[in-house]
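Visitor: Build out the structure end to end from the sequences listed, making use of the hints.
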Amino acid sequence: MKNKKTPALRGRSTSVILRSLSRTEGVLLNMNHPRWILCLILLWPASMALGQGGMKIFWVDVEGGGATLVVTPAGETILVDTGFPGARDADHIVQVLKNEAGKDRIDHLVVTHFDLDHYGGTADLLERVPIGQIYDPGYPNDLHPVWEKGLNRYREAVGDHRIVLKAGDSLPLIQASGGPEFSVRCLGAAQKFVESPAGCPENPLCSGFIPKATDTSQNANSTTLLFQYGPFDFLDAADLTWNLENELVCPCNLVGKIDVYQVDHHGLDHSNNPVLIRTLEPTVAVANNGPRKGPGPETFATLKGTESIEAIYQIHWNLDNGKSGNTDIGRIANPEGEMNYEYVALEVRPGGESYQVRVPSKGTVEEFATKL
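Residue numbers (the numbering used here): 44 to 415.
It should be emphasised that the hints constitute simulated quantities derived from the structure, not laboratory data.
Note that this is a predicted model, so its numbers are computed, not measured.
Incorrect hints may have been included.
Said to hold, decoys possible - Cβ-Cβ distance ranges computed for the label pairs, FRET-style:
#1 Ser220 <-> Pro378: 24 to 32 Å
#2 Thr257 <-> Pro340: 38 to 46 Å
#3 Glu350 <-> Gln138: 44 to 52 Å
#4 Arg148 <-> Asn383: 38 to 46 Å
#5 Gln218 <-> Glu350: 29 to 37 Å
#6 Pro173 <-> Ile253: 42 to 50 Å
#7 Ala241 <-> Arg335: 19 to 27 Å
#8 Ala130 <-> Arg335: 17 to 25 Å
#9 Gly145 <-> Glu396: 39 to 47 Å
#10 Cys295 <-> Gln176: 25 to 33 Å
#11 Pro215 <-> Glu170: 41 to 49 Å
#12 Arg171 <-> Gly118: 15 to 23 Å
#13 Pro240 <-> Glu350: 25 to 33 Å
As the list claims (entries may be wrong) - Below 25 Å or equal to it, Euclidean Cα-Cα: the simulated DSS-like pairs (lysine-lysine) are:
#14 Lys347 <-> Lys300
#15 Lys235 <-> Lys255
#16 Lys347 <-> Lys366
Just so you know, even glycine gets a beta-carbon here, dropped at the ideal spot from N, CA and C.
Guide: Following this line, the structure appears as structure tokens:
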């Protein structure tokens with residue numbers, strides 16, 4: 044666990060899109076404008092060029108499910124969750140894998156929990172691309188009978204080709220030469236978390252925790268993954284819910300300060316405990332939401348009210364929330380009423396000291412400095 048300090052400078056307060064952006068300290072660019080393309084080519088030195096051994100993240104649109112694709116600095120692919128069953132989500136994942144990431148296989152697949160919108164597409168994906176190692180938190184003993192059919196299909200497709208991922212485990216990854224270490228560590232799975240390190244200070248924000256009703260769904264079993272590339276930290280806790288989120292940061296912070304937060308549970312208010320988010324102090328938040336699934340009003344208010352957060356991105360405009368309940372339109376991959384299955388992408392520069400977030404459907408690019 045790294046206890047990172049917040050840098051004095053995160054980015055420049057500059058916008059070249061003709062609208063005001065609240066709480067933004069990144070650089071928002073309209074990449075469709077040729078003058079800005081030329082400026083970027085001239086201003087970015089070759090040593091900072093994207094695609095030269097950095098880390099990439101793609102949030103694939105699976106209509107409110109989970110499918111986060113990571114390309115490591117060494118070129119391996121890690122997919123976290125597979126969306127819903129059927130051709131739709133599997134095809135979208137493969138499209139991003141091949142056309143955007145430039146890869147033809149998945150080296151590591153992590154199924155975070157057995158909720159249909161996270162594991163349902165596994166069998167369909169196995170029919171389309173080779174998958175190396177598969178990880179999950181272990182089969183549930185109390186799955187509702189209505190979900191048994193989907194789980195049986197997963198069992199048949201995966202067979203013995205799986206490893207049960209437990210708190211404290213790390214994925215066995217190839218390291219790129221000449222750069223910082225890249226790691227993926229499991230901080231929690233099946234409601235069990237890593238132990239507090241010796242000397243971990245008590246978190247003063249824990250006194251403000253207000254518990255909610257105990258979650259008895261499969262969401263409570265969500266696997267929590269911490270991706271680290273040098274100084275860069277990204278947290279994906281899948282659908283981890285309110286009370287269990289608290290165990291990540293109370294009585295002490297097991298995660299550290301992070302750069303990017305994948306908004307838990309698609310932004311639903313069953314999750315996204317303010318104590319968690321304010322303790323982690325993310326710079327960027329990305330919600331893998333659906334057209335009518337997240338972010339909830341409570342979650343959105345927490346994100347907007349967290350001082351460290353400079354930018355919020357969404358996969359979809361939430362049709363029920365109105366303008367005040369959605370982020371800036373330039374940060375939403377699929378705007379109001381559109382089902383174009385667009386994605387949000389992030390690329391960490393070699394060395395991990397800065398990163399860029401893109402919304403290709405909008406031509407939007409923002410640059411952020413990593414917490415050091």
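Visitor: Are the hints correct? Go through all of them and say.
Guide: Hint-by-hint comparison with the structure:
no. : hint                          : result
1   : Ser220 <-> Pro378: 24 to 32 Å : violated, 42 Å
2   : Thr257 <-> Pro340: 38 to 46 Å : violated, 23 Å
3   : Glu350 <-> Gln138: 44 to 52 Å : violated, 37 Å
4   : Arg148 <-> Asn383: 38 to 46 Å : violated, 26 Å
5   : Gln218 <-> Glu350: 29 to 37 Å : holds, 35 Å
6   : Pro173 <-> Ile253: 42 to 50 Å : holds, 46 Å
7   : Ala241 <-> Arg335: 19 to 27 Å : violated, 46 Å
8   : Ala130 <-> Arg335: 17 to 25 Å : holds, 22 Å
9   : Gly145 <-> Glu396: 39 to 47 Å : violated, 24 Å
10  : Cys295 <-> Gln176: 25 to 33 Å : holds, 32 Å
11  : Pro215 <-> Glu170: 41 to 49 Å : violated, 26 Å
12  : Arg171 <-> Gly118: 15 to 23 Å : holds, 20 Å
13  : Pro240 <-> Glu350: 25 to 33 Å : holds, 26 Å
14  : Lys347 <-> Lys300             : holds, 18 Å
15  : Lys235 <-> Lys255             : holds, 19 Å
16  : Lys347 <-> Lys366             : holds, 13 Å
The structure shown violates the earlier hints numbered 1, 2, 3, 4, 7, 9, 11.
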